[in-house]
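Student: First to last, the protein sequences are chains B and A. One point on numbering: in the UniProt record's numbering, the residue at position 12 of the first sequence is 12, and numbering is uninterrupted. One point on numbering: in the UniProt record's numbering, the residue at position 125 of the second sequence is 125, and numbering is uninterrupted.
Calculated from the structure, these hints are not laboratory results. Quick caveat, the model's predicted, so the values are computed rather than measured. Heads up, a few of these hints could be off.
Cβ-Cβ distance ranges computed for the label pairs, FRET-style [to be verified]:
1) B:S71 <-> A:L150: 56 to 66 Å
2) B:S71 <-> A:G224: 52 to 62 Å
3) A:I311 <-> B:R149: 39 to 49 Å
4) A:H67 <-> B:D152: 36 to 46 Å
5) B:P63 <-> A:M149: 41 to 51 Å
Even glycine gets a Cβ: it sits at the ideal position worked out from N, Cα and C.
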Amino acid sequence: MTTTPPLLEVENLRVVFDGVLGSVTAVNDVSLSVDRGQTIAVVGESGSGKSVTARTIMGLSTPPGRIAEGSIRLAGRELVGLTDRQWRGVRGSQIAMVFQDPMRSLNPTMKVGTQIEEAIRLHTDLSKKQARARAVELLDAVRIAAPRRRVDEYPHQLSGGMRQRVMIALALSCGPELLIADEPTTALDVTTQQQILDLMGELQADMGMAVMLITHDIGIAASYTDTVFVMYAGQVVESAPTRRLFTDPRMPYTRALLDSIPSLDSPAHEPLPAIEGSPPDLAELSAGCSFSARCPRATQTCLTQRPALIEHEAGRAWACWHPVESKEAS
Amino acid sequence: MLRLLGRRLLHLIPVTIGVSFLTFMLLNLLPGDPALTVLGEGATPEAVEAITEQMGLNDPVLLRYWHWFVGALGGDLGTSLNSGESVTTLLLQRVPTSLEIMLLAQIIALVVALPVAIVSVRRPGSLFDRFAGLTAFAGVATPPFLVGMLLVLVVAIPFGLPATGWIPFTENPVMNLRSAFLPALTLAAALYAVYMRVLRADLVTQLTQEEYVTTARAKGVAQGTIIRRHVLRNSVFPLITVIGINMGALLGGAVIVETLFAVPGLGKLMIDAIYQRDVVVVQGAVVVIAVAFVLINFAVDLLYAALDPRIRHDRASH
């Protein structure tokens with residue numbers, strides 16, 4: 001097996017939001033790792049804690065959210081407990097992020113070039129002129145036509161797809177080791193989605209960085225990533241190499257998610273199998289498995305004891321007392 | 001955008017006609033005979049009759065308005081019933097004084113409000129933030145005449161500043177600024193309160209809700225830089241609007257401060273004219289204030305266009 005340590009190692013991360021009526025555990029004992037150059041997906045529905053996890057890794061969790069427990073190591077360096085100044089040296093330089101809504105994630109009153117140059121000037125010794133030249137290069141690298149003209153334009157002069165390209169250029173400006181993309185294509189139309197994801201894949205191969213793709217779209221996770229982490233109610237419930245997760249899911253939640261994807265083979269006018277019920281209230285988690293209330297396989301054990309995420313096979317882990325039978329075993 | 005600005009300028013016409021017509025009618029309803037104002041009590045009926053005829057007061061009110069309006073178009077706003085001076089000349093003497101105090105007040109208010117708001121949002125709920133909020137509430141809650149008197153006590157007397165009187169700029173610029181300082185400071189107290197609160201509220205909203213702030217943080221930009229470089233340029237827009245509104249309000253609202261400090265400005269002119277039933281002067285002053293209101297709003301729109309790239313480019317594409 002490989003002996004090089006992973007680029008990013010998150011261990012037993014717990015993020016708590018303190019409120020007047022008590023605290024909510026948005027991320028509960030999450031562990032995950034990303035190797036250099038690897039692409040992982042974190043999938044889950046709204047409120048599953050995937051975005052909070054991503055933002056916490058970026059050091060962007062703000063009060064009332066706080067890290068209650070756990071560790072985040074980047075290339076061996078512990079990030080939890082860094083001072084604000086130390087975090088600023090990591091953000092934008094070693095870890096960069098692309099956000100969901102390109103319409104809102106750029107400053108409307110600043111030229112796009114200036115916004116890219118700002119990041120470059122923060123993390124490198126380049127002069128103003130050099131930073132500008134680099135910004136033009138980056139815009140060219142993300143396939144924006146006429147980059148020399150576009151650097152001087154404002155976000156409202158660009159389309160949604162182009163703005164997301166600018167965001168990618170911005171994120172890549174200082175050559176990060178890890179790019180976190182939080183639902184980068186959700187706000188875009190389908191053809192643009194494809195282009196953006198393809199572009200990210202190519203740039204990733206060129207630059208050798210790792211990508212953490214946060215998405216609720218299982219199809220995207222299937223086509224673009226090496227490993228998938230499935231999150232439910234603030235926990236990772238299953239992780240596996242992408243292909244194996246899709247062909248042979250073990251956690252009943254993953255299974256149910258996959259079943260609810262419409263396929264061309266399924267007969268028309270037939271209702272899709274949906275998961276009954278809704279995710280639990282994170283403020284009132286039971287002692288048992290958080291999926292137990294909706295799980296067809298749940299037993300008394302599931303209601304009272306929480307299953308841990310255990311690596312049952314090499315590279316495969318799930319948190320379940322009664323996993324779905326493996327298709328491969330039979 | 002250009003069309004919009006053009007339309008704003010066209011607004012001047014109905015506003016001016018409407019305001020001047022309404023004031024003319026209202027002043028016409030005031031008890032008291034303008035002829036008596038000119039001649040003084042105890043004039044003979046013959047003299048009153050003669051002057052009434054001479055002033056055209058026997059004409060129907062609409063016709064009198066028409067005469068005034070035609071004159072006003074040519075820059076002649078009539079003559080003061082009291083002094084016989086040209087109202088246009090009187091206004092031209094008084095407006096610069098009011099403008100000076102007003103601008104000075106705006107500058108003082110902004111110079112204090114901007115840094116206070118910026119420091120406040122660095123740590124919302126901190127001692128500084130709460131103290132700043134307190135000063136703002138004090139600023140809006142205290143009526144100007146009280147602020148003025150307090151300032152005389154705690155500023156003018158200890159520092160030897162003139163508490164009343166006015167020295168024109170052309171006569172002695174330094175003394176002029178000294179005499180303008182207290183009235184301007186009095187006006188600035190309330191302005192500061194409004195500007196500080198508006199700016200602080202918008203900065204907080206932008207900082208907590210705008211995704212571009214998260215992007216900036218993700219780039220590794222420090223919080224102070226985010227506020228100054230990213231958020232402030234988005235938060236100036238609501239501030240500019242409020243400044244514009246206050247500018248117009250100050251023109252008419254300087255009455256109290258000008259009276260308190262005996263400053264010969266537009267407000268003082270107007271209040272004196274009202275006491276003396278000098279309707280022609282009141283009429284002229286009201287129209288000037290109304291026109292200034294529209295022009296200031298026009299200037300605010302221009303400023304928006306100059307500062308906001310979204311509007312600027314919209315204009316270019318039309």
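Student: Hints first: check each against the structure and report whether it holds.
Tutor: Evaluation of the provided hints:
| no. | hint | verdict |
| --- | --- | --- |
| 1 | B:S71 <-> A:L150: 56 to 66 Å | holds, 58 Å |
| 2 | B:S71 <-> A:G224: 52 to 62 Å | violated, 29 Å |
| 3 | A:I311 <-> B:R149: 39 to 49 Å | violated, 21 Å |
| 4 | A:H67 <-> B:D152: 36 to 46 Å | violated, 57 Å |
| 5 | B:P63 <-> A:M149: 41 to 51 Å | holds, 44 Å |
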